[in-house]
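Asks: What follows is each chain in one-letter form.
Protein chains: 2
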Amino acid sequence: MAFVNENFLKLSDNYLFADIAKRVREFKAESGVEDVISLGIGDVTQPLCEAAVKAIHDAAAEMSVASTFRGYGPEQGYDFLREAIVMGDFMSRGIKIGVDEVFVNDGAKSDTGNFQEIVGKDNIIALTDPVYPVYMDSNIMAGRRVVKLPCLVDNGFVPELPEEHVDVIYLCYPNNPTGTVLKKDDLRKWVDYAIEHGSLIFYDAAYEAFISNDDVPHSIYEIDGAERVAVEFHSFSKTAGFTGVRCGYTVVPKEVTAVTASGKRVRLNPLWNRRQSTKFNGTSYLSQRAAEAVYSPEGREQTRAAIEYYMRNASIMGDVLRELGFDVYGGEDAPYLWVKTPENVDSWSFFDRLLRKAHVVCTPGVGFGQCGDGFVRLTAFGQHEQTLEALRRVREWLER
Amino acid sequence: MAFVNENFLKLSDNYLFADIAKRVREFKAESGVEDVISLGIGDVTQPLCEAAVKAIHDAAAEMSVASTFRGYGPEQGYDFLREAIVMGDFMSRGIKIGVDEVFVNDGAKSDTGNFQEIVGKDNIIALTDPVYPVYMDSNIMAGRRVVKLPCLVDNGFVPELPEEHVDVIYLCYPNNPTGTVLKKDDLRKWVDYAIEHGSLIFYDAAYEAFISNDDVPHSIYEIDGAERVAVEFHSFSKTAGFTGVRCGYTVVPKEVTAVTASGKRVRLNPLWNRRQSTKFNGTSYLSQRAAEAVYSPEGREQTRAAIEYYMRNASIMGDVLRELGFDVYGGEDAPYLWVKTPENVDSWSFFDRLLRKAHVVCTPGVGFGQCGDGFVRLTAFGQHEQTLEALRRVREWLER
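Residue numbers (the working numbering), protein chains in the order written: chain H, 252 to 651; chain Y, 252 to 651.
Since the hints were made in silico from the structure, they are not lab data. Keep in mind that a hint or two might mislead.
Same chains, same label: a pair holds when it works inside one copy or across any pair of copies.
Within a straight-line C-alpha distance of at most 35 angstroms, the following computed DSBU-like cross-link-like pairs (lysine-lysine) qualify [as the list claims (entries may be wrong)]:
1) Lys347 - Lys261
2) Lys347 - Lys591
3) Lys505 - Lys372
4) Lys261 - Lys515
5) Lys273 - Lys305
6) Lys608 - Lys279
7) Lys435 - Lys608
8) Lys347 - Lys505
9) Lys505 - Lys279
10) Lys515 - Lys372
11) Lys608 - Lys372
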C-alpha cells in the first residue's frame with residue numbers, strides 16, 4: 252500500500268492571491284466597476300531589457316545550427332554565467348566567492364524551497380513573521396518544527412534573536428513583504444548567533460538590487476564569518492525582470508558545514524552539488540545567456556533604469572501615503588511598502604475598503620503571517636501612470 | 252547545532268561519466284591518439300528544429316515590449332502548452348487526460364527526482380537493475396528502502412513481479428539503459444499488480460517518441476486502470492532536442508491516490524500541485540513556447556526527421572554489431588543499444604579494449620547497476636558520419 256507524505260496534510264491552505272482575485276471579481280460583478288488598479292502586484296511590468304532579449308535571440312540562433320547547438324549544460328550552470336556572477340556581484344564588492352560556490356538555478360523560489368532537503372529533519376527552523384510562505388511550507392512538507400520571529404513596528408521589523416535555540420534561520424533582506432532592511436550591525440548579530448550556536452543562515456537576497464543606502468549590505472558575505480554559516484539566494488526575477496525567463500543562483504561557500512548526529516562536520520557545498528546533480532538538470536541555456544547579458548555594460552544600464560523606474564513609484568507612493576496620514580515602512584531599499592492600516596483595522600477589512608472606495612487592490616499583510624495583520628503590502632512594480640492614478644483615487648477617497 | 256541530512260552520506264559515489272572522461276583523457280595522453288569517437292553519448296547532437304527556434308525568437312520579441320511582456324506564469328505551465336500536450340500526446344491516441352492533470356516542468360529529471368517527495372518515507376521502492384540513477388539516488392536521499400528487480404537476458408529485460416510487497420514501482424520504457432520495451436501485456440501485469448497491492452507506478456516515458464512497433468504502448472494510460480495507479484513522466488529532451496532548452500511534463504491523473512497511516516485515501520494530484528506551487532515557479536516562457544511549437548505540423552515533421560536520423564544510426568549499429576557477432580538488445584524502439592560484452596568480460600574491461608583498440612567510447616553497463624555488468628550501452632545520438640566511422644573501426648579491430 253503506497254503511503255502519502257502526511258506532512259502535506261498539515262499545510263495550511265494558502266489561497267491569498269486566489270482570495271484576492273475572487274474578492275476583486277465579486278466587487279466588479281456587484282458594482283459594475285471595471286477599472287480597478289492593483290498596487291499589490293508582485294510581478295514586474297517593465298519589459299525584458301534589450302541586452303537580455305538580444306542574448307536570447309543569439310542563443311536561439313546558436314541552437315539552430317548543429318555546430319553551435321548546446322545540449323545538456325552543467326547542472327551547476329555554465330562557467331560563463333558563474334564567472335559573470337562572481338565578478339559582478341561579489342568581487343566588485345570585495346567579497347571572495349569561488350565559481351564552484353555558485354549554483355545557477357531556475358529561480359530563487361526553487362532553491363529557497365529545495366535547500367532544506369540537505370539538512371536533517373530534526374533541525375528547528377526560525378522564520379520571521381510575516382514571511383515569504385515558501386520557507387514555511389517547504390519545511391512543513393519535510394516535517395520540521397518552525398519557530399516564529401515576530402517583526403513588528405516595535406522592533407523596527409528587525410527580528411530579535413530567538414529565546415530558544417534554533418538550528419536554521421531564514422532571513423530575507425531587503426524584506427518581502429515589509430520592504431525593511433537589516434543594517435550591517437543587525438546582520439552581524441545574526442552571523443554571530445549562528446557561529447556561536449552552530450546554526451545555519453539561509454539568506455534570501457533576491458531584492459538586493461533595490462538597495463540605495465550605503466550602510467545596507469547587499470550580501471551577507473559582507474559580514475565577517477558569514478562564509479562559515481550562511482548560504483545566500485539570489486534572483487534575476489526582480490533585478491532584471493526575469494520572472495518569466497527563470498534564472499537565479501545560490502551561493503554555498505565551501506566552508507559552510509553542518510554536523511551528523513555523531514558530531515562529524517560535513518560540508519554543505521558537495522551535498523548541494525549532489526542534490527542538484529540528482530534532482531535538477533541545469534537551467535535553460537537561453538535563460539543563462541540572458542542572465543549573463545545582465546552583467547554587460549548595456550545590461551547593467553538597462554536593468555538599472557528599470558529599477559529606478561520602480562523605485563520612483565515607491566518614492567511617490569511613500570510620499571503621498573505619508574501625506575495622507577499613513578504609517579509607511581520600507582520602500583526605500585526595496586520595491587515593497589508595508590503600510591499600517593488606519594485605526595488598527597485588520598488587513599482584510601482595509602483591503603475591502605480600499606477596493607470599494609478607491610477601486611485599488613492591495614495585498615493583505617495577514618497573508619504573510621499573523622504579525623502581518625493590520626498591515627497591507629503595496630508594491631512598486633506597477634506602470635507609473637497607473638500607480639499615480641491609484642494614489643489619486645486613494646487621496647480622493649480619504650479627502651472626500 | 253544544524254544537522255545534516257545523513258541520508259546523503261549513504262549515497263554511493265556516482266562518477267560514471269567523470270570516470271569515462273578521465274580514462275579517455277589518460278588514453279589520449281599516453282597514446283597520442285586524438286581522434287576518439289563516442290558511441291556512448293547520452294545527449295542529442297542534431298540542432299533544435301526550426302519551429303522551436305522560431306517560437307523562441309517570437310517569445311523573446313514578445314518579452315521585449317511592455318504590452319506583450321510575460322512575467323510569472325502558472326506554476327503548472329501555460330494552458331497553451333498543456334492543451335497542446337493533451338491533444339498531441341493523449342487525445343490523439345484515444346487517451347482521456349485533463350489539462351489540469353498535466354504539470355509542465357523544466358525536464359523529466361527534475362520530476363522523476365522530485366515526485367517521491369509527496370509519498371511517505373516508509374514506502375518500499377522497486378527499481379529495475381540496471382536503472383537510471385536518479386530514481387535510486389533521490390529515494391536514498393529521502394531515506395527509503397529500495398528493492399531491485401533484475402533485468403537480464405533470461406527475462407528479456409522485462410522485470411518479474413517482486414516476491415516481497417513493494418509500494419512504489421519505477422518503470423522506464425522504452426528503457427534507459429537497455430533500449431528494451433514492454434509490450435502491452437507486460438505492462439498490464441504491472442498495472443494489475445499495482446491495483447491489487449495498492450501500489451503506485453512512476454512511469455518514465457521519456458523515450459516514447461522513438462517507438463516504431465505498433466504493439467508497444469506510448470503511454471501507460473493505454474492500459475485500463477492505470478489512471479488509478481500511475482503517474483507518467485515525459486520529456487522534450489530527446490523527442491525534440493530540448494536537453495539545453497529544458498522542458499518536460501508530468502501527468503498526475505485525479506484518480507491516483509495513496510493512503511495515510513490510518514487508511515484514508517488522498518489524491519496525489521492536489522498534493523503535487525501544492526508541491527509545485529511551493530517549490531517551483533513555472534518553466535521559462537521561452538521554453539514553453541518552444542515546446543508548444545513541437546506540436547505544430549512543421550514541428551512534428553521536423554522532430555520526426557531528427558528521430559528518424561537517430562534511429563537510422565541505431566539500425567545500422569545493430570546490423571553491423573550483430574554481423575560482428577555481438578548480442579545486441581534494444582535499438583528498435585529506443586535510441587539505446589545494450590550490447591553484451593564478448594566472452595563475458597566485465598563492462599570496464601570491454602570499455603578499455605574498445606577505447607584502446609578501436610578508439611571508440613561506450614558507456615559501461617555496470618554504471619547503471621550490478622545487473623548491467625557484462626554489458627555496455629551505446630546510443631544512436633551521434634552524428635551519422637561519426638557513427639559509421641566508429642563502426643568501421645570496431646570492424647577493423649575485430650577482423651584484424
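Asks: Take the hints in turn and mark each one as holding or not.
Replies: Consistency of the hints with the structure:
no.: 1; hint: Lys347 - Lys261; result: between (41 angstroms within a copy, 32 angstroms between copies)
no.: 2; hint: Lys347 - Lys591; result: neither (40 angstroms within a copy, 50 angstroms between copies)
no.: 3; hint: Lys505 - Lys372; result: both (22 angstroms within a copy, 30 angstroms between copies)
no.: 4; hint: Lys261 - Lys515; result: both (32 angstroms within a copy, 15 angstroms between copies)
no.: 5; hint: Lys273 - Lys305; result: neither (39 angstroms within a copy, 37 angstroms between copies)
no.: 6; hint: Lys608 - Lys279; result: within (13 angstroms within a copy, 76 angstroms between copies)
no.: 7; hint: Lys435 - Lys608; result: neither (41 angstroms within a copy, 63 angstroms between copies)
no.: 8; hint: Lys347 - Lys505; result: within (12 angstroms within a copy, 49 angstroms between copies)
no.: 9; hint: Lys505 - Lys279; result: between (54 angstroms within a copy, 33 angstroms between copies)
no.: 10; hint: Lys515 - Lys372; result: both (17 angstroms within a copy, 25 angstroms between copies)
no.: 11; hint: Lys608 - Lys372; result: neither (48 angstroms within a copy, 51 angstroms between copies)
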